[in-house]
Amino acid sequence: MKPSPPLVVAGWGAFLSALALILAGFGGKTSSFRLIDFWTAVGFVEIFALAVLISRRRRPGPAPSRRKLRSAAPAAAIGIACLIGAIGWTWGVWMAYFALPLCGFVAVRLYNEARSRANKH
Amino acid sequence: MTLLAGEGPASPTAEPPLPGLAGLVTTTDHKTIGRLTVGTGIFLLFGFGALAMIMRAQLTQPGLDVVGPRTYDQLFTMHGSGMIFLVVTPIAIGYGVYLVPLQVGAPFIAAPRVAALGYWLYLGGALAILSSFMAGGGAASGGWFAYTPLTDRFFTPGKGMDIWIAGSFVAAVGMILLAATVLWTALRLRAPEMTLLRMPVFTWSMIVTCMMVIASFPSLLGAMTLLAIGRYDPSVFNLDVWNIGYQNLFWFYGHPVVYVMFFPFVGCVAEVISTFAGRRYVGYKPTVLSLLAFAGLSMSVWGHHMFTTGQVANDYYSLTSITLSIPAGLEYFGFLSTLIGGALVYRTPLLFALAFIPQFLIGGITGIMLGTPVIDYHVEDSYFVVAHFHYTLMAGSVFGLFAGFYFWFPKATGLSLREGLGKIHFFLLTLGVNTTFLPMFGLGLLGMPRRMATYPPGAGFTTLNMVSTIGAGIIALAMTAFALNLVISLTKRRPAPSDPWCGMTLE
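Chains as they are written, first to last, in the numbering used here: chain A, 302 to 422; chain B, -11 to 495.
Don't take each hint at face value.
[To be verified] Example chain B residues on the side facing chain A (calculated, C-beta under 8 Å, incomplete):
hint, residue
1, 13
2, 105
3, 115
4, 308
No lab work stands behind these hints: they were computed from the structure.
Every residue gets a Cβ at the ideal spot worked out from N, C-alpha and C, and that includes glycine.
I would like the entire structure built from these sequences, with the hints used as guidance.
Listed below in structure tokens is the structure:
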């Protein structure tokens, strides 16, 4: 059987499930907390596998060779806003107000991009 | 190949890149994002390494007063958390950001703006963690694992711990985003005819790494959230959750992360060995299977960090920990089989790859020893553990990191590193790490505990500590040679040929 991307990820998640079941089988000092942690990780992996599967069904062919790559300015702005937020959480909520213009910039930029995409279609 | 400039794709449908710093900040080109990630990590490697030099100076002899005990606590916390959260993990994933799209023939990385966001969150988290040094009361001081209740507001007051928590959270989110884009690229954006079983070993090592990041890094987010809430009001949680629950959440991330810091450099070593032996990698399919098995097993061993708490199923975690030696052995057979019979060319990348093999073996075998509760109960929280993880991480992963760095530097920058300085770096670093960390096994067996700013004069630890500090000085010399190599190569540029090593993979 040829390995496919969703199979690799889902299969790896299944391997984790088997390990979690073995842990549960050991009983004793295996608390439900530990198993919740393990099964949550399995869940994240299987969700990723599902996303890969859905993507393959929607676009079975190879990757597009050309694509309009937009500026990462919103990404940089979010990063700086998160840094300001982290500092604000520690030193005072008032500092977080400095992040608001950055959040506004990101919102406006993404809205404009979505509108131009909608106008093209 | 332009150096560090915002390098946009040649496609006419892309926005033209902005010049200079604006181009760097707004880039969506994976090669630039990869270079930024690795470059930031290398820069921080020097900084957090310097903290280790101060610690070694303090421990040279008993009763020294280079730094006080409280400052020493901050040093080992920041050194450990900085190296893991901000240096080796980002460099490992950064190698993938740069190389995976090239190795699989992808036109671009998946979700380039998400990848860029991952880098900026990493940088933001790094700046936040570093800013904790400026907090009243100093930086975080509860160890890189920040155990509760030591790190609650009563025992660790001050904002240093709070900003450390926030910075760790933000940096971890950045790593998750970067890993997700690399994984998606390898799985969904490969060139036609680039099947999964044609991908290079390095790409497979990045696939398993990124799957582990997606599975385990959210646990760190949970641990940091629990810690943040508990610092305000620990009574919100019952005692089991606040103490052992936190440890479970933390180590569920804390063990896989050491493999996140290992597998990409296994991939680097595999590529370097294959190239400099002049032959295809031997045992490709067993290596791929062993990477998948190794990664899966590594998700199930976290309780071995908690053997001495008496709150985990020691037999399960011991079984899974020792079972790790099977896929590890398969990978070693792959390395050795590729080397034996190859026409070896002893350039700097191969030297680092060759040293990785026995050094990581020492770390790995001592890891199997620690995976046995009987031994672990004796050496837990001693310098034996410090020696073990420095052999795996410094003598292992960092050597693989440098093998990859010297190997791919011409590709990433279009320039050649100086071979002579590279060899000086290699020989001094090999001498330095073994002189520093080998004596620590002895210190651990003699009973020297971790995280102590000094030790009594009659305890019998002095000679080995002095040897270890000399080794640290040699490491400092080695890293100076490396820094010199970087500066000279980037200023007095020597253009590299287009395929300086006659490599075997697409990039």
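Each hint tested on the structure:
Of the supplied interface hints, the one on residue 13 (chain B) holds, with its beta-carbon coming within about 5 Å of a beta-carbon of chain A, less than 8 Å. Checking residue 105 (chain B) against chain A: minimum C-beta separation of about 4 Å stays under 8 Å; hint holds. Contact between residue 115 (chain B) and chain A, as hinted, is supported at the beta carbon level, the nearest pair being about 6 Å apart and thus within 8 Å. Below 8 Å, beta-carbon pairs count as interface contacts, and residue 308 (chain B) has one with chain A at about 7 Å; its hint therefore holds.
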